[in-house]
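Based on the hints, put chain X in the right spot on chain Z.
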Amino acid sequence: MLIIALVLPLVLEDYLTVFATRVVILALFALSFDLVWGYAGIMSFGQALFFGSAGYGVALLARDLDITSILLVLPAGALIGLAFSLLLGGFLLLGRNPSSVIFVSLGTLTGSYAADRLARGWYYLGGQNGIPSISSMTLGGYEFSEGPVYYYLALAILVVVYLLCRFLVRSQFGLALAGLRENEARIAFFGYQTQHLKAIVFTVGGAIAGLAGSLYAFHEGFVWPNMVGVVVSTQVVLYVLFGGSGTLIGAVIGTAIIEGVSFWLSDNYRDIWPIILGVLLLLVIMFRPLGLISFVLGERERVGSFGVKAKEKRDAAS
Amino acid sequence: MASTFVAAFEILSFGAIIVLVVLGLGIIASMMGIFNFAQGEFVLLGAYVTYLAYSHGMPVWSGMVGAPFLVGAFGFVLEALIIRRFYATPIVAMLGTYALGLIIREVVRGLIGGFYLTVPEPIGGSIDIGTVHVSAWRFTIIVITLLVMGACYLLLSRTSFGLRVRATLENPALARASGISTPLIYGATFAFGAALAGLAGALIVPVFSLFADLGIRFLIQGFVAVMVGGVGSFIGPVAGAGVIGTLSAALPWIMSPVVADVLVFVLAIAFVKFRPQGLIAGKGV
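Chains Z and X supply the protein sequences, listed in that same order. Going by the numbering used here, the letters in the first sequence line up with residues 1 to 318, in that order. Going by the numbering used here, the letters in the second sequence line up with residues 319 to 603, in that order.
Looking at chain Z on its own, in the form it has when it is part of the complex (with noise of 0.2 angstroms):
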C-alpha cells in the first residue's frame, strides 16, 4: 500500500496527483478520529473543530502576519488544535461526575456547530466565503504549491503520524484505551484514571486534527465555514466507520474508498452519489458494524494484546 502511495505521483495527471494530495490529508484528519472514537470510544461528533480551527489560525497567520514557513505553521496548527480539543474535551470530559457518551457526542457535535455559526457571521473571518488565496507555504526560499512535492510532504507526514499512532496504540496506554472502549467500568476499577485517559487520547487527536487542517488550508489556498461545521465533522465519520473503526489502517482506506469513489462518480452521478453513500453507511452500520476491514481482519485484532507472551501466544494460535 506505501509503495503504491509512493508512486502515484509519477504514474497520476496532475490534477489527479493534487486530489491525492487532498486523500492523504484527509486521511490523516481521519486517524485524529480513528484514535479518539475507534480506540478511546469517545463519539467525538466535531472532530471538525480542531481540523477548521486549525485551518482558520494558519490562513490568519498567513495573512495578517505573513508568516508561511513551514517549520512555524505546521507546529502552529498543531498547538491550536491541541488548545481547542484541550478545552472542550477538559470541559465536557473532566469533572466530578464522569459525563455520559450521549452528553460528549452531542456537546461536540454542539460546539462544531456553534463555530461553524461563529466563522459565518464574523466579519474578521471572512463572513460567509472565508478566507481565500492564502499564500503558499515556504522552507526557507521554496514554495510549496500543489503538486508531487506537496503530496510527497504530506505523505510523509501521514507515514509519520500512523506510525506514531500505532506505537501509540500498541502501549499500555493503548490497551487501557482499548479497555475503555470495551469496559470502561472495569478498567477504572484496575485503577486508570479514566477521565484524564480519555481527555489525553482526545487531546492528541485534536492535536492531529489540527496538523491536518493547517496542511489542508495551506493545500487548498483558501478556509471556509463548512471546514470547521457539522458537515465535515461527520464525513470524517463516515471514512472511518466505513473503512473499520479501531484498526488505524481502517481509517486510511475508509478515507480512500469514500474519496475515490466519490471522486469518480461525481463527473457522471454527481446528484445520486450522496444517496448512494447514505445507502452503504447504512448496510455498513447494519451488517458490518465493524467496517470493511473487518472482511479482513478479526475482531480480535481490535481489542489488541501487548507484550511478548501476547505475541507468542498469537503466533501459536495461528
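Since the hints were derived computationally from the structure, they do not count as laboratory data. There may be inaccurate statements among the hints.
[Stated by the list, open to error] Here are the simulated distance ranges between beta carbons:
hint : chain 1 : residue 1 : chain 2 : residue 2 : range
1    : X       : Asn489    : Z       : Phe189    : 23 to 33 angstroms
2    : X       : Val324    : Z       : Phe91     : 32 to 42 angstroms
3    : Z       : Leu86     : X       : Phe592    : 16 to 26 angstroms
4    : X       : His374    : Z       : Arg186    : 54 to 64 angstroms
5    : Z       : Leu94     : X       : Ser321    : 43 to 53 angstroms
6    : Z       : Ala188    : X       : Ala454    : 36 to 46 angstroms
7    : X       : Leu581    : Z       : Gly127    : 11 to 21 angstroms
8    : Z       : Leu94     : X       : Leu581    : 19 to 29 angstroms
[As the list claims (entries may be wrong)] Away from chain Z, derived, C-beta distances all over 12 angstroms, residues of chain X:
hint : residue
9    : Glu328
10   : Leu370
11   : Met376
12   : Pro377
13   : Ser380
14   : Gly384
15   : Ala417
16   : Glu424
17   : Thr458
18   : Arg482
19   : Gly497
20   : Ile598
Even glycine gets a Cβ: it sits at the ideal position worked out from N, Cα and C.
Same frame as chain Z, but now just chain X:
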C-alpha cells in the same frame, strides 16, 4: 410599547416553533432512549408533503392535515425495518439514523433541486391588536402548538396507550410479562414522534419556505433543547425547547446576532455539564 409587544410576539412564535419541532424528538429520546438524527428529515418530509399537495392544486391545509399521517406511517415502516436493530447501542443508533437522514435529505434534494420553494400561508393577513399587526399564521402556529402539547400530555398521562408507553419505558421486561407488546409500542411511539415532526414541518413551511437543509437547521437546536430539558419525561424536553427557543429569539434583541447565536449553545452545554439530569429530572409524563 408597541415594539415591545412585537418583540414579545416574535419570541413567543419562534419559541412555539422550536417546541413543535422538539416535541417529536423529545418523545423518541425520552421514551426510547435514542437520539434520532433523522428527525430533521421528518420535518423536511412534512414540509415536502405540504408542498406537493399545494403544487398539485390542492388546498394547502389539506397537505398540512395529511403530512403527519404520511410521515408517521413512514416512520413506522422505518422503525420496523431498520431502527429496531439499534436499540441496544445508542451511539450506533445515532449513526444509523444519521445515515437514514442523509438518504432522505439527498432524495428530497434530488426531487426539488437546490431551490427555495415557497408555500403560501393557508390563513393569510394579519391580526390587529390596537395599533400593532401580528401575522395571523404565526399566531395560528402558537395556538396549534399549545393544542398539540395539551393533546400529547393527555395522551401520555390519561389514556391506556399512554400507560403502556410509560410502562414500556420504565421496565420493558415487566411490561412484556404483563402482556404488553413492547415492539409494537416502540413502533407506535416512533411513528408518533415522526408524525409530530411531520406536522411541525407542514406548519412551518410557509414561514421558512422549503429547501433541502430545512431539517438540519432545527436538529441541533432540538438536541440541545432535549438535553437542557432532561431526557426521560415528556415535560422535560418541552420545557427545554421553551427555554432554548425563547433564548435564541430573545438574545438577538439585546446583543449582536452572531454572539447571541453562539452564546445560546455555550450556555446550554455549560448548563447540562453542571446539571446532567436537565431542568426536570425523573421519569414519568
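Here's how the hints hold up against the structure:
1. X/Asn489 <-> Z/Phe189: 23 to 33 angstroms: Since X/Asn489 and Z/Phe189 have Cβ atoms about 28 angstroms apart, the given range 23 to 33 angstroms holds.
2. X/Val324 <-> Z/Phe91: 32 to 42 angstroms: Once the Cβ atoms are compared, 38 angstroms apart, the range 32 to 42 angstroms for Z/Phe91 and X/Val324 holds.
3. Z/Leu86 <-> X/Phe592: 16 to 26 angstroms: At roughly 20 angstroms between Cβ atoms, X/Phe592 and Z/Leu86 fall inside 16 to 26 angstroms, so the hint holds.
4. X/His374 <-> Z/Arg186: 54 to 64 angstroms: At 59 angstroms between Cβs, range holds.
5. Z/Leu94 <-> X/Ser321: 43 to 53 angstroms: holds (45 angstroms)
6. Z/Ala188 <-> X/Ala454: 36 to 46 angstroms: violated (58 angstroms)
7. X/Leu581 <-> Z/Gly127: 11 to 21 angstroms: Taking Cβ atoms as reference, X/Leu581 and Z/Gly127 lie about 19 angstroms apart, which means the hint holds.
8. Z/Leu94 <-> X/Leu581: 19 to 29 angstroms: Check passed, 23 angstroms falls within 19 to 29 angstroms.
9. Glu328: For X/Glu328, whose nearest Cβ neighbour in chain Z is about 20 angstroms away, the distance exceeds 12 angstroms, so it holds.
10. Leu370: holds (19 angstroms)
11. Met376: At about 28 angstroms from chain Z, X/Met376 clears the 12 angstroms cut-off, so the statement holds.
12. Pro377: It holds; X/Pro377 is separated from chain Z by about 32 angstroms at its closest Cβ, greater than 12 angstroms.
13. Ser380: The claim holds: X/Ser380 sits with its nearest Cβ about 29 angstroms from chain Z, beyond 12 angstroms.
14. Gly384: X/Gly384 is indeed farther than 12 angstroms from all Cβ atoms of chain Z, at 25 angstroms.
15. Ala417: Given that some Cβ of chain Z is not farther than 12 angstroms from that of X/Ala417, nearest at about 4 angstroms, it is violated.
16. Glu424: For X/Glu424, whose nearest Cβ neighbour in chain Z is about 4 angstroms away, the distance does not exceed 12 angstroms, so it is violated.
17. Thr458: The claim holds: X/Thr458 sits with its nearest Cβ about 29 angstroms from chain Z, beyond 12 angstroms.
18. Arg482: X/Arg482 is indeed farther than 12 angstroms from all Cβ atoms of chain Z, at 25 angstroms.
19. Gly497: holds (30 angstroms)
20. Ile598: It holds; X/Ile598 is separated from chain Z by about 17 angstroms at its closest Cβ, greater than 12 angstroms.
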